[in-house]
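2 protein chains.
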Amino acid sequence: MFGAIEAGGTKMVVAIGDEKGNILEQKEIPTTTPQETMSHVVEFFKRDNVEAIGIGAFGPVCVDITSPDYGRIGKTPKLPWVNFSWKEAFEEIGIPVAVDTDVNVAALGEVVYGSAKGLSDMIYITVGTGIGVGVYLGGKLLHGMMHPEAGHVIIGKRADDHFEGACPYHKDCFEGLASGPALEARYGKPAALLTENEDVWELEADYIAKAIMMYICCYSPRKVILGGGVMHVEKLFPMIREKTLKYMNGYITAKELDDIENYIVPAGLKGEQGIKGALYLAAELKR
Amino acid sequence: MFGAIEAGGTKMVVAIGDEKGNILEQKEIPTTTPQETMSHVVEFFKRDNVEAIGIGAFGPVCVDITSPDYGRIGKTPKLPWVNFSWKEAFEEIGIPVAVDTDVNVAALGEVVYGSAKGLSDMIYITVGTGIGVGVYLGGKLLHGMMHPEAGHVIIGKRADDHFEGACPYHKDCFEGLASGPALEARYGKPAALLTENEDVWELEADYIAKAIMMYICCYSPRKVILGGGVMHVEKLFPMIREKTLKYMNGYITAKELDDIENYIVPAGLKGEQGIKGALYLAAELKR
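Residue numbers (my numbering), protein chains in the order written: chain A, 1 to 287; chain B, 1 to 287.
No wet-lab data here; the hints were simulated from the structure. These numbers were taken from a predicted model, which means no experiment stands behind them. One thing to keep in mind: the hints can contain errors.
Note: identical chains are not told apart, hence a pair may lie in one copy or across any two.
[Claimed, not checked] Here are the simulated EDC-like cross-link-like pairs (lysine to aspartate or glutamate), alpha carbons at most 20 Å apart as the crow flies: (1) K255 x D69; (2) K140 x D64; (3) K171 x D206; (4) K157 x D206; (5) K255 x D64; (6) K171 x D18; (7) K75 x D259; (8) K75 x D64.
Could you put together the complete structure from these sequences and hints?
This is how it looks when you write it as structure tokens:
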């Protein structure tokens, strides 16, 4: 049996399952302080014979397994969690952990069980509270110096967009212009209440397509998967596909781009990509 | 003995050397038509006992070794070379070839012999006639669906820049704003004649820094190496370093970024990164 944690800023999803991705039990625990939250989390996993736990964590988090800081959270606005160590948290109950970013485990879930099954190169973009990109290239999750933070790319604000941007670090980076909170800040109401306003989604699709065009140039993925709260607005997909091809303007030719409907797609696991990816990460640790 | 080719749009550099990167003989051959150019290229390699040839080619080129089109050039403005196959060209003299992009082999040269020696994750950016990025991640050159074409990312034109951009596909993408020909088109003279004009280099450094900020977010490289004709303007380096940190605005913290002088650096092989990387690619084929 394996454990999985999808660690977000507002809640932790914890689950127990098998190496085939079957989830046997799942629970949500609010994210408050490490002391409070982790007592419930540890309690959940104590009850079973859990061999290893896979964790998809909000970042920045050390994902370098050779580092003494493996599993440790870095500088984050979630202040109580700065320096918290996922590895140390489970040492007291003797369960080994495998840690990656929330978006990387979601990418892994889609590669193993979802829309990108069997592909060696793909990206998973979440557009929600934040924007992040999970990157799987050459059959491996990308880490590098730290891990990608590709939601913060500069995409150029459109001339008719007078919103200054919501990113505390970069104002009008991709996340600053197109995340859920950016939409709410620009229009004064949550994205869910804006679904009838066509201009909202035309601009949103435009920014997402610009970013995808850049990610295709940078990563050369065989598939682009979109998830996260904002992507529940299904009409975004055809607009994003059309605009991505427009921005690419025929520069890159590939059979995958000729079949754009199957190239830019929603997450196949419909919200379970993170937790199933985390489960797989745990199982991999024991392989 | 191994062969190496750095195949550019105006000339081919051909060389013979050993697996340690020592170049024993080198020659330049103008790039005209495949018939004319390749007769000289093949002649050069015929004279020696060459076990394999490594090729760093202008793109798009098929770098998927499992594909029947491996080594074949795709849709390029260099019309006589469309559909030309590097593999077939050397079949008649029985020498196996290893093919990657010009920037990928330059990245490889820097990883094996240059400024990025031993690193698992780095990028090599060339700013010259065009802009391209060689990407080496997790100990491998990045290919994916095709290969990266990261010179064409959208970086947002600066409000005080009234040049429309020189990229035939995207107008004001990174290459369209900051390549050598873009500088010449914007100011009406070649980059080499503009060295005294501080505004030229402030803008150029700005665009390059914006792109590097994005590449760091996307690739999380342990080092960023800059080469190509435009980068001979050495005063660009300190400006680029400062502006990259400014655009990053403390979002990503890493010991590498704290040592920015050793993070964003010129090519260690001073122009030989491509040919030495190609030589290594050939030697790898026989390993």
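Verification of the hints:
1. K255 x D69: between (42 Å within a copy, 13 Å between copies)
2. K140 x D64: Close inside one copy (13 Å) and across copies (17 Å); limit 20 Å.
3. K171 x D206: both (18 Å within a copy, 17 Å between copies)
4. K157 x D206: Both. Shortest intra-copy (10 Å) and inter-copy (17 Å) distances satisfy the 20 Å Cα cut-off.
5. K255 x D64: between (35 Å within a copy, 14 Å between copies)
6. K171 x D18: neither (42 Å within a copy, 51 Å between copies)
7. K75 x D259: between (41 Å within a copy, 18 Å between copies)
8. K75 x D64: within (16 Å within a copy, 40 Å between copies)
Violated hint: 6 only; the structure is consistent with all others.
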